[in-house]
Amino acid sequence: MRIGSAKESYIADEALFATRTQWVWFALLLASLVLFPFVSNLYWLYLACLVSINVISATGLNILTGFTGQVSLGHAAFMGVGAYTVAWLDNNAQTPFYLNLLAAAGVTTAVGLVAGLPSLRVKGLYLAIATIAASFILQFVFINWESVTRGTRGINIEPPEIMGIVLDNPDTFYWMVVPIMVVMVLLAANLFRTRVGRAFIAIRDRDISASVLGISLPAYKLMSFAIASFYAGIAGGLYAYFMGSINPESFPLLMSIFFLAAIIVGGMGTILGGILGAIFMTLTPEVLRYGVDLASPFIDEPGAVLSPVRTIVFGALIVGFLLFEPHGLAEIWRRIRRFFHLWPFRT
Amino acid sequence: MSVLELEGISLGFGGVQALSGVDLAVEEGTITAVIGPNGAGKTSLFNVISGFYRPQQGRVLLEGRNLTRLRPPRRASLGLGRTFQNIALFRGMTVLDNVKLGAHVRMRTGVFSAMWYLGAARREEARVREEIEREVFDFLEIDHIRRHPVAALPYGLQKRVELARALAMRPKILMLDEPVAGMNREEKEDMARFILDVKEEWGITVLMVEHDMGMVMDISDRVHVLNFGQVIASGEPAVVQKNPGVIQAYLGSGDVNSLRERLMGESA
Ligand SMILES: Nc1ncnc2c1ncn2[C@@H]1O[C@H](COP(=O)(O)OP(=O)(O)OP(=O)(O)O)[C@@H](O)[C@H]1O
Ligand SMILES: [Mg+2]
Chain A
1259 MRIGSAKESY IADEALFATR TQWVWFALLL ASLVLFPFVS NLYWLYLACL VSINVISATG
1319 LNILTGFTGQ VSLGHAAFMG VGAYTVAWLD NNAQTPFYLN LLAAAGVTTA VGLVAGLPSL
1379 RVKGLYLAIA TIAASFILQF VFINWESVTR GTRGINIEPP EIMGIVLDNP DTFYWMVVPI
1439 MVVMVLLAAN LFRTRVGRAF IAIRDRDISA SVLGISLPAY KLMSFAIASF YAGIAGGLYA
1499 YFMGSINPES FPLLMSIFFL AAIIVGGMGT ILGGILGAIF MTLTPEVLRY GVDLASPFID
1559 EPGAVLSPVR TIVFGALIVG FLLFEPHGLA EIWRRIRRFF HLWPFRT
Chain B
662 MSVLELEGIS LGFGGVQALS GVDLAVEEGT ITAVIGPNGA GKTSLFNVIS GFYRPQQGRV
722 LLEGRNLTRL RPPRRASLGL GRTFQNIALF RGMTVLDNVK LGAHVRMRTG VFSAMWYLGA
782 ARREEARVRE EIEREVFDFL EIDHIRRHPV AALPYGLQKR VELARALAMR PKILMLDEPV
842 AGMNREEKED MARFILDVKE EWGITVLMVE HDMGMVMDIS DRVHVLNFGQ VIASGEPAVV
902 QKNPGVIQAY LGSGDVNSLR ERLMGESA
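Going line by line, the protein sequences match chains A and B. Using my numbering, the letters of the first sequence map in sequence onto residues 1259 to 1605. Using my numbering, the letters of the second sequence map in sequence onto residues 662 to 929.
I should point out that these hints are in silico values taken from the structure, not numbers from a laboratory. It is possible that some hints are incorrect.
Unchecked claim - Just some of the chain B residues that point at chain A, by a computed CB distance under 7 angstroms: (1) Arg-743; (2) Ala-749; (3) Tyr-778; (4) Gly-780.
These numbers come from a predicted model, not from an experiment. Glycine residues also receive a C-beta, built at the ideal position from the N, C-alpha and C atoms.
Next comes chain A alone, as it looks inside the complex (with noise of 0.2 angstroms):
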């Protein structure tokens, strides 16, 4: 608790924002958000687009790697599923997209339970593995299911619309996705107050005395999967209206390995750390493109270099903070944080 906040009662105590301080951040924070769409061009929306994309996703592995302790290398197949769901159903139903995004959820939900049922008898290295097969199962339904997923062909999806606004500029779907994205967080960080939370906390801390306290491990770790899998479904699905097209090639099994990254690199177990992670793993392309570009009077084919020189970056990334960040970006914000304190609203 933070000096020189008076507890009023229990409730007030128990809040999201405990302190006024916090709701101040917070504020400013949405404020900003809403300010964002004015101050910036096209690319920047579109890179935001795609950083509150990969901020729920990431939100949704966290929950299932960073707080249960369960590791998935299936994430961005779950995406998959949810992607799939939306473009078939734009392509055969004519339903409003928000049902359909609710129901990329669902069926992912579903395929991430079956696809969970290998963590009831097996954890850590082994779980992964069996995360991978249901990743490549997944991949082969992608490219062999043709009448629903038109194989390697692909498939096209309409840009979404609301209330006769067609969304189908970054500038117009940023509307449309960041306050999904706030709402999933908030969500994901409310389910850590109450006892659900702690529970998938217990059992990645140490699942013996979680037994012996009453929590049953097979439930809640497949609740997890549940959990995890519907953020996977909600992002894959606004992911696939983002895009406009997906095809099997867009979920592979690299994009689930920099979902793991995303949190590594933020702060496994922090709901800070997959926000985090994901902006900076989404935007670290970006800085490089950047210096590729700025670097292209230098050397003599840009285009070739910045590819490899992407994955030796994501790579070096992943091994610097397990070696010496392992709490992750998240652990930096704390220590700047106490840094400043209450700063600038108290002193």
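Starting from the known structure of chain A, fit chain B with the ligands onto it as the hints suggest.
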């Protein structure tokens, strides 16, 4: 009336027979101790009661209900609380969160109301929190450390937090595996007082494994002695203490040095 009854429990690990035909009854409202030399099977017995080990033979009854086929979480929700010989706290969490986890089975919030965190979920959190602070933290005198991460606490306090977590369950029967092992004299005395109060003020039946004979003789109402997986003596502490078979068991285990200390309660 017996709250907990064990009937003919036998448990083997490959070649090792950890328990053979153990019968044991724990009377309601007592402190019952299980003692015995190292490797006698005490922790194994606890693990059979909690449901971590499935005995090859025998039954575990809680208030007459057969638990033998139930998994540990179900047994917990029926009123079986316990602590571990090696502290088993959630090391990353604060004291408060650890103890709140103890109340898990008494809470109802599901995943939907948790995520929206509306009225019911919020009120339940506040109520349990208030209850824990008023009843458990005050009682165990750990109010000042509720925001501390448990990993940073000294050993004695960690043991106390583990007791707090088990008490937050409000179990019918509380099983303590070596509650004062590794503690200094003062910490031991505190813990002994807490355990007595758990019985007298909270009305919870206590079943404990303990090597510290001084403490066993002081606070328990009944003692069962386990040796090589068998109950070799049962009765009031003073009677068991004089049982020649018991003295023999401790001698046989090679614990000659600590024999006097252990049997005569000279734990100073
Ligand atoms: N999981 C296991 N696998 C194999 N053998 C085991 C297992 N658990 C216990 N044992 C064996 O069962 C016997 C009883 O062990 P247990 O831990 O119950 O003894 P204890 O009375 O608690 O001893 P201590 O006083 O040292 O804690 C020992 O011989 C032990 O090696
Ligand atoms: Mg033991």
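Outcome of the hint check:
1. This hint holds: B:Arg-743 has a C-beta 6 angstroms from the nearest C-beta of chain A, less than the 7 angstroms allowed.
2. Taken as an interface hint, B:Ala-749 checks out: its beta carbon lies about 4 angstroms from the nearest beta carbon of chain A, inside 7 angstroms.
3. Because the smallest distance between the Cβ of B:Tyr-778 and any Cβ of chain A comes to about 4 angstroms, under 7 angstroms, the interface hint for this residue holds.
4. The beta carbon of B:Gly-780 comes no nearer than 10 angstroms to any beta carbon in chain A, farther than 7 angstroms, and the hint placing it at the interface is violated.
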